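In case you want the letters, here they are:
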Amino acid sequence: MTPRPPPHQPMPGPIEWLRENLFSTPLNAVLTLLALVLIWSIVAPFVQWALIDAAFEGKSREDCLRREGACWPFVIERLGQIIYGFYDGTERWRVDIAYLLLAAGLFWLTFPRLPGKWAIGGIMLTAYPIAALIMLVGGVLGLPQVPTERWGGLLLTLVVAVTGIVASLPLGILLALGRRSELPVVRWLSIAFIELWRGVPLVTVLFMAANMLPLFLPGGVTINKLLGALIAVALFSSAYMAEVVRGGLQAIDKGQFEAASAVGLGYWRAMGLVILPQALRLSIPNIVGNFIGLLKDTTLVSIIGLFDLLGIIQAGTASAEWATPNTAYTGYVFAGVVFWVMCFGMSRYAKHMEDILKAGEQR
Amino acid sequence: MSWWRSRRTRDVLFQAALLIGVALLIAAMATNAIATMERQRIASGFAFLDNTAGFDVIQTLVPYDESSTYGRVLLVGVLNTLLVAAIGIVLATLLGFVIGIGQLSSNWLIARLCRVYVETLRNTPLLLQLFVWYFAVLRALPYPRESWNLFDAAFLNNRGLYLPRPMPETDFGLVLIGLVAGVLAAVWFSMRSLEQREKTGQAPPTLPVNLALVVLPPLLVSAGLGFPLTFSMPVLAGFNFEGGVVVLPELIALVVALATYTASYIAEIVRAGIEGVAKGQREAAQAVGLTRGQTLRLVIVPQAMRQIVPPLTSQYLNLTKNSSLAVAIAYPDLVSVFAGTSLSQTGQAIEIIAITMGVYLTISLLTSALMNWYNARIALTER
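So the sequence lines, in the order shown, correspond to chains G and A. When the letters of the first sequence are read in order and numbered with my numbering, they come out as residues 9 to 371. When the letters of the second sequence are read in order and numbered with my numbering, they come out as residues 24 to 406.
Hints in this document: simulated from the structure, not taken from any laboratory. Possibly wrong hints are sitting among the right ones.
Stated by the list, open to error - Computed list of lysine-lysine pairs in DSS-like fashion (alpha-carbon distance at most 27 Å, straight line): (1) 366(G) <-> 262(G); (2) 302(A) <-> 359(G); (3) 366(G) <-> 222(A).
Everything numeric in this text was worked out from a predicted model, so none of it was measured.
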């Protein structure tokens with residue numbers, strides 16, 4: 009039997025579309041009207057506050073107090089601090105270069121047409137963090153040293169997030185392999201490590217890094233507050249990454265490993281050349297999902313007294329210099345938009361990869 | 024092949040080396056810790072739990088004052104954490120299901136609105152949302168004198184939410200016994216009717232009977248005793264309220280932030296769960312003549328729940344763990360009063376962090392054990 013051609017369906021006109029999607033039943037009509045009222049009662053005051061009544065120009069809180077709406081001069085005046093923290097003014101070009109390299113690398117990795125994804129990915133996970141670290145810390149190559157106490161704002165947020173990602177990928181892969189290992193000691197140590205960090209909140213891990221870690225170091229060795237936070241984030245996120253990678257490993261057919269063994273590959277070469285490339289490819293959407301969580305979690309470092317993007321804005325809203333009724337809202341809206349753009353972008357990318365993987369399966 | 028090259032020997036040696044390595048690391052850390060603590064004159068052991076804490080806590084569910092011990096502080100903190108988690112979980116579930124189902128609404132606008140909610144809350148940090156609720160929204164509430172008044176019983180202002188406080192009289196225990204008896208009867212009745220349905224295909228109407236079984240006994244007992252429960256109403260006196268019970272702004276902000284944030288994740292789980300039920304199931308249910316409501320209640324929801332429950336439990340755990348953000352707005356949860364104030368007073372970081380993590384770990388492991396049991400129960404019985 010030949011398939012019948014689908015019946016001709018004219019595109020619905022706008023009136024039909026409205027009737028079908030918004031007013032199909034009396035209940036739906038009521039819901040539509042309620043939704044419209046809700047949208048209007050949120051959007052209208054927000055536009056009024058953020059644009060119409062807002063102060064855009066000015067240098068101090070007095071300029072904001074004259075207006076009813078958002079206090080944008082607060083964000084504009086503090087933009088340098090929000091982006092670079094307290095990083096020395098004349099040295100900020102170093103941060104700019106680190107930002108630019110990161111942006112270029114991410115662009116290369118996400119833009120589908122560009123070749124050499126694995127190589128660029130490898131560079132971003134190894135050479136880039138080292139180069140960026142040397143660049144930012146300084147003290148060599150004629151660069152003056154900038155103590156980490158001066159790092160803050162977006163810079164600190166990205167340092168914590170990138171460190172978490174760079175450390176959690178290899179650690180997470182090792183832990184995931186360990187959890188599926190046939191060796192009981194390896195398996196149980198991996199399970200204990202993963203479940204310990206997944207069972208406790210990040211805040212307690214950060215408290216541990218700030219209060220308990222210094223006790224474990226040999227006498228005389230002090231630990232930098234930022235380094236403590238980085239260790240905490242790395243341990244914490246590697247446990248979550250391990251579970252994501254394990255999900256990918258479980259999706260790989262057992263025959264793949266047997267085939268790799270049959271052609272004479274040992275455990276590490278079978279994993280590295282056959283299993284992991286497939287498993288990681290499958291895990292990309294969940295790995296990106298993990299990164300989103302990690303990026304949002306970086307804000308918690310402000311609880312142990314580091315000034316990340318949110319922390320520096322929060323400190324600004326609480327300062328007497330900018331005390332207006334609208335400063336807090338303005339700062340939060342700005343921080344929210346910055347985080348939203350980064351997280352939403354990543355989640356779109358994850359969705360896109362998921363669709364590509366699904367399409368590959370259906371072929 | 025010689026014995027030292029055999030795979031078995033290699034495996035054993037590798038594992039032994041790994042164990043020794045881990046043991047050495049722990050030993051080195053312990054030695055350092057003992058040395059540092061001696062140098063800084065930090066006490067060790069758990070004796071400090073019996074020492075007087077000497078600080079006040081703004082919200083306690085059990086009697087507590089400045090002369091109470093650190094052990095009492097721990098209890099207060101755990102209870103405050105559990106309180107936030109319990110209220111947050113109920114609210115997040117309700118909101119999450121509404122928004123999750125809303126995402127599948129045939130009404131384009133409602134579906135879009137729910138989608139926007141999910142994408143906005145999921146893609147911004149929880150700490151930021153907590154700041155917005157606490158430092159921006161709740162700060163903007165009126166002073167006590169201009170409180171928002173709900174039927175003269177509840178008042179909302181920038182000091183918190185004032186509610187009537189129930190004051191049980193001596194015989195109130197009997198009413199509670201009546202309630203417990205009613206609940207037990209309802210459980211027994213539900214199990215009976217389920218049994219009957221599986222045997223005969225016919226079931227008595229469970230909902231009205233259960234409702235009656237739960238509500239009537241305590242009501243009758245309390246009527247017989249002349250209603251042994253009065254309420255202390257909040258009354259404005261001077262610049263603040265007296266009487267009643269106050270829900271602190273810190274608690275409100277934390278619960279609202281946790282519930283709305285977690286609801287965005289639950290909404291996605293619910294949507295995926297309902298979409299995951301095969302289309303044929305709905306069509307088959309309609310073909311055998313079930314109404315829309317029956318289809319949803321008897322066919323779609325039971326199957327969707329199988330997919331929804333496991334990730335839902337992990338969201339409950341996340342909410343409980345995220346309640347530790349309380350420390351950022353000084354709500355007195357476990358982390359705030361114990362790992363925060365108590366730690367900085369005693370300096371006994373190792374013991375305190377270990378206890379704090381132990382509490383969360385226990386909650387996590389208990390929940391996953393419960394979930395595994397539930398999963399095994401509702402798993403598809405293949406025949």
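Legend entry - Violating hint indices (sorted, rising): Structure breaks hint 3 only.
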